[in-house]
Amino acid sequence: MQTVFNGARYRSLYGFRHYLRPYRWQMWVMFVAAFAMVAAATLVPLVIKAAVNGPIARGDRGALVPVFFAALGLGVAECVLIFVRRYIQSIAVLQVETNIRDDLYRHLQRLAVAFHDQWQTGQLLSRATTDLSSIRRFLGFGAIFLVVNVVQYVAVCALLIATYPPLGLIVSAMTVPVIWLARRFGNEYSLLARRVQDQQGDLATAAEEAASGIRVTKAFGRGTLLHTQFVRQAEVVRGSALEMVALRGRFWSLLELIPNIVMALVVLVGGLAVAHHSMSLGALVAFTTLLVLLQWPIIDIGWILSMAQEAATAADRIQEVFATVPAVVDPPVPATLTEPRGRLRFEHVSFAFPDADEPTLRDIDLDLAPGETLAIVGATGSGKTALTALPARLYDVTAGRITLDGVDIRDLALADLRARIATAFEDPVLFSMSVRENLVLGRPDATDEEIEAAIDLAQADFVHALPWGLDTRIGEQGLSLSGGQRQRLALARAVLARPAVLVLDDPLSALDVHTEAKVEAALARVLRDTTAIVVVHRPSTVALADRVALLEDGRITAVGTHSELMRLPAYAEVLTVDPDDVISAGVPR
Amino acid sequence: MTTTSVDQWRGVAAEQQEDVAASLSVLLRRRTRQLLGGLLAPHRRAVWGYTAAIVVSVAASMAIPALVGIGIDRGIPAARHGDDVPLVVVAAVIVGCALLQAWLYRTFVLGTGRIGQRILLELRQRVFQHFQRLSLAFHERYTSGRMISRLTSDMDTISSMLDAGLDTLVTAVLSIVTVGTVLLVLDWPLGLVSLASFVPLLWLSRWYQRRSTAAYRRTREAIALVIVHFTESLRGIRAVQAFRREPRNNEIFAELNEDYRRTTTDSFQLLTVYWPGIRFIGNVTTAAVLLIGGLRVIGGDMKVGVLASFVLYLRRFFEPIADVSQFYDSFQGAAAALEKLAGVLDEQPSVPMPSRSAALPDPANDGGAWRGAVELRDVTFGYRADAPVLQGFDLAVPAGQTVALLGETGAGKSTIARLLARFYDPVDGEVLVDGVSLRDLAEPDLRRAVAMVTQESFLFTGSVADNIAFGRPEATREEVEAAGRAVGVDVVVRRLPDGWDSTVGKNGAKLSAGQRQLIALARAVLADPAVLILDEASSSLDAPTERLVQRALCTVLAGRTALIIAHRLSTVGIADRVLVLDGGRIVEDGTPAQLLEAGDGEYAALHRQWLESLL
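Protein chains in written order, with my numbering: chain A, 1 to 589; chain B, 590 to 1204.
Please note that the accuracy of each hint is not assured.
Residues on chain B that point at chain A, a partial pick, calculated with CB under 8 Å [claimed, not checked]:
1) D673
2) A687
3) L689
4) G702
5) F717
6) H728
7) G780
8) T802
9) V817
10) E997
11) L1035
12) R1036
Where chain A lies over chain B, by a calculated footprint (3+ residues, C-beta under 8 Å) [stated by the list, open to error]:
13) 765-776
14) 821-832
15) 845-851
16) 899-905
Read the hints as simulated data drawn from the structure, not as lab findings.
By construction, the Cβ of each residue, glycine as well, lies at the ideal position given by its N, Cα and C atoms.
I would like the entire structure built from these sequences, with the hints used as guidance.
Written out as structure tokens, the structure reads:
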């Protein structure tokens, strides 16, 4: 069968074989059960026929009972075998699918942020769901019946050749067009299957974006636009699916045709052979009866092959993700920080996003003493956000190094590093889980007192007013919370992690003035003995910092105290809100 | 045990019961049937046509064995006498039948495939559109992951049912009917014995139907939860990694995945019982027929040849029944998915669009454009019935006025904005633009009247220009760039490799929050609504950029009604009027100057505090 299957095409699928290893016994049992079932199913009519022609025709009442039990026994055996095969399939194959999905998810969790910036969630999702079920279907069904059918085919061919070699060889010769067809079909079908799977991934992405962007869509009333786009994509999927249907229709109908044509040939040639006495009539009758048994394996190969191709391309798509090596990984031998004090240094750090031509950060030198708070000030687009992503190794520096207490952060185990450095992002990410679970993200072992303290610090006591308090599920993206509330939860989360280094990206931007003042006061207490990098846009927040660094176009152009830097026009420009703007507000424009 | 730990992390929320009561189950099934019927209705004639095709095709293929018999019985004797013609003719007729069968089969596969894909497209289209129509209150409850799972996994299930081979079903039903008739004709007492097997068959099927409906329903729920967790954790991957959430996430995912495996195993195992069960009934019946038939043959009531063919036919009677059970399985899976989709389609938008838009109060005025006078009249609203945010709230904003809303979290600022953007409808009272209730405005009119820049500046996959054009898709490229320039997106774009055509990455990952906010603002500028709402739309901007935006807003907002929610007083600078809210009531109302002069109010205090913070 090697010729039917282009080996290279199945390499990815073959790559999953180790998932089957724990179930190899079960797989064997499934194979044996499948064979035995086919045998029992073939035997039943033969036994019945023998019984009818034998004891019954003879009128042997006594022989009837054993015949009855033989038929019943075979029938029951068939059912039991089906049951056994299906039962094992439901255990082993589903477990394999589940294990691959678990591993895929684990792997995705390890892949660096840069990977996720590029890969659409919908594409990944379609791999984890649709593609995996293609593989499951093939493993549980296609693979087994592929073998069963091939064996059945070969066995029947051998029987045919034994019955009457010339005609048997003619019939066996139909294997050639079948294989040729199967190859052609396989080639075309695998291209199509891949295309359809990719397009389904795109469609999943469209669905996912439409779901996540529902507020913006509502705000601008663009439901119709998204709908039009979605339908256009769905039509593309439909177009490809129809091509698949057409290909299947062509191939399957040819597979139906071939055995029938061969049958006509057998009747003609066999008939002539019988007429000319080179074959007995009985042989021809037996021959045609056996030929019918050949029909099903050939017809079945159609859908089995479709299933196999889909599984193969699905495996390709999944293996592509597995083949991506996490860019940010643990060092082979992690260093340990014996006594973390929280000294954070940037040494000639440059950073460029993977597909960017130009670096976002260039030659950054910063030295934060333990407990020191450094504010980063810079215009929109100067690289502040990129800078905050580096200490926790969400991205790795492209040049230079960052050290924590003298150790290159790349030499620390990731879990260790991220336990010491906590980051609050400007976009507070909340998950659809309880408030508590959202807060203890970084410290599952936090006590209730610690949680309360963090809530208090971040002025997030509104959570107690939620219907179920800390157990209330808050929507994904904290949909039912305001921007200020989300930000306070993100802050509480970062503080609760009790890190040696806190990285806060514009932590107070969405807070109202009252709350801001309270949070600032509380934050000042935390920052007294925590090293911190705080991105700020407002002079009030600068007050939290011991020193300020001015970031301009990816470079640190000045470091000093707020009052020192205020002398620099570039600094003053970025931070100064002209009170006149406000005072003039009362005056008609 | 697992269920409780799953519930623990997920937290509590009010949501519909997932295990359905029996009475509800009937309703669900009826709704599903209606949906299916509606989807199939336009294709009824085609379906009959293709069914006819497959019937002929099956007939042609059934004719072949008979032809072989004729060939052997008649062709060979003729050939023995030197006349090969009958044999050749029979062979040719077989070829003819084979060709006809293959051609009809192909027609059937193509035709039903086309119908299946058409139905799938129609369903995708309907469900997507309905999701867009449903109001935010629904989406907040439903979560995006569920919506995604409806649009992907559920559709896949239906698609695989459509692929599962309707031909098997048609062929099977055909065989069952013909063979059943043949059995009765051959020997009616034995025929009745065979047909009696339908009693246990139907009983078993009924059992299977009831159990598998419930099992597949659970499967749909389980996969939805897997998808919710999957998409959310990938969306929030930064937070996941930064806070070392991976181990816990893996644990939760494994739990959900295991739950899905268990429910799938359940439905698998039902078939594992059902399918061999059908076979079992068939085999027992066959054995019984053999026994009874044998006795009758021996008793001389029946010919042995009749019994032989009867028993052989019996096999061809039960074989297709087993095939039908396979199809029934994938149908049950699809039915559970359809049930979920029918449930979505059955949701009524709590903010329904009117079928016909109300006319503008005076279309002659301003060439039929909105002027933008806004009024909230006696509005009562709360997100939960027991906690009203606004109660009997009144506010009138004349056309062209820029109003700043101030107040602490929970004072009701965002609620007013959302009501005005018609994300929600008030429980009581009216929200009016130019005297027309928002409830009476069709979507396009509503969005020409009101647009809102929300707190989160969501960007779609695509270029910067695409994202701005979202505000008004029909805008020209010049207009898009002009809108971008007005708020300073051109500065952002200058750093990007492909300028306006640079892609923003997944959800704008390549841009900072400030840059995303600028694009969101440009979107609003391009949308050019009569009433513009800015909800914290510039919180992530640095001072110079914010100044730039404000200068731009001065121009953009001229002659336009605007509602600005901001915590920072710098944003308030461009307002004509300031409203200070507290606990859902207006506590201060006046021009910034008036409120400052009054000196003892909240605004004046805030202003002093703010001035201090600048130093």
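Structure-based check of all given hints:
1. Because the smallest distance between the Cβ of D673/B and any Cβ of chain A comes to about 7 Å, under 8 Å, the interface hint for this residue holds.
2. Against a cut-off of 8 Å between C-beta atoms, the interface hint on A687/B holds, since the closest Cβ of chain A lies about 3 Å away.
3. With a cut of 8 Å, the hint placing L689/B at the interface with chain A is violated, because the nearest CB-to-CB distance is about 10 Å.
4. The closest approach between the C-beta of G702/B and any C-beta of chain A is roughly 3 Å, which is under the 8 Å cut-off, so the hint is satisfied.
5. Contact between F717/B and chain A, as hinted, is supported at the beta carbon level, the nearest pair being about 5 Å apart and thus within 8 Å.
6. With 8 Å as the threshold, the beta carbon of H728/B comes within range of chain A, its nearest partner Cβ sitting at about 5 Å, so the hint holds.
7. Interface hint at G780/B: violated, since its Cβ lies 17 Å from the closest Cβ of chain A, which is beyond the 8 Å cut-off.
8. Restraint check, T802/B versus chain A: the minimum CB separation of about 18 Å is more than 8 Å; hint violated.
9. Annotation: interface hint on V817/B holds; nearest CB of chain A at approximately 7 Å, less than 8 Å.
10. Below 8 Å, beta-carbon pairs count as interface contacts, and E997/B has one with chain A at about 6 Å; its hint therefore holds.
11. The interface hint given for L1035/B holds, since its Cβ lies 6 Å from the closest Cβ of chain A, which is under the 8 Å cut-off.
12. With its C-beta approaching chain A no nearer than about 3 Å, R1036/B sits inside the 8 Å limit, and its interface hint holds.
13. For a cut-off of 8 Å, the count of residues in the segment 765-776 of chain B with a CB near a CB of chain A stands at 0, and the three-residue condition is violated.
14. Given as covered by chain A, the segment 821-832 of chain B passes the check, having 12 residues with a CB less than 8 Å from a CB of that chain where 3 are the minimum.
15. Here's how the segment 845-851 of chain B fares: 4 of its residues keep a CB closer than 8 Å to some CB of chain A, so the rule of at least three is met and the hint holds.
16. Counting residues of the segment 899-905 of chain B whose CB lies closer than 8 Å to any CB of chain A gives 3, which reaches the minimum of 3, so the coverage claim holds.
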